[in-house]
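Engineer: Sequence:
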Amino acid sequence: MRVGLVVDSACDLPADFLRAHAITLLPISVRSDLVSFEDRRDPDATLRFFREQLGDRAHH
0 MRVGLVVDSA CDLPADFLRA HAITLLPISV RSDLVSFEDR RDPDATLRFF REQLGDRAHH
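Going letter by letter, the sequence shown gives residues 0 to 59 in numbering that gives the first Met the number 0.
Please keep in mind that the hints were generated in silico from the structure rather than gathered at the bench.
Treat the hints with care, since some could be wrong.
[What the hints assert, rightly or not] The following label-pair restraints were derived from C-beta to C-beta distances:
1. Arg1 x Arg47: 33 to 39 Å
2. Asp43 x Asp15: 14 to 20 Å
3. Phe49 x Leu4: 24 to 30 Å
Glycine included, every Cβ here is placed at the ideal spot set by N, Cα and C.
Could you build the full structure based on these sequences and the hints that come with them?
Structural biologist: Right, here's the structure in full:
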């Protein structure tokens with residue numbers, strides 16, 4: 000019997016570990032107003048989404 004492991008992009012596992020153990024990563028969706036963003040664990044894309052969509056609405 001084959002067993003596989005699937006995790007979402009909120010998991011706290013390094014990308015190297017996921018690749019080494021053939022673990023499938025599913026993106027989570029983040030929605031702001033009418034804009035939806037699929038988090039695929041790309042830090043630059045995530046930061047860009049938050050800056051463009053949340054801007055000054057973020058709490059400090």
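Engineer: Would you list, in rising numerical order, the hints stated earlier that this structure does not obey?
Structural biologist: Violated: none.
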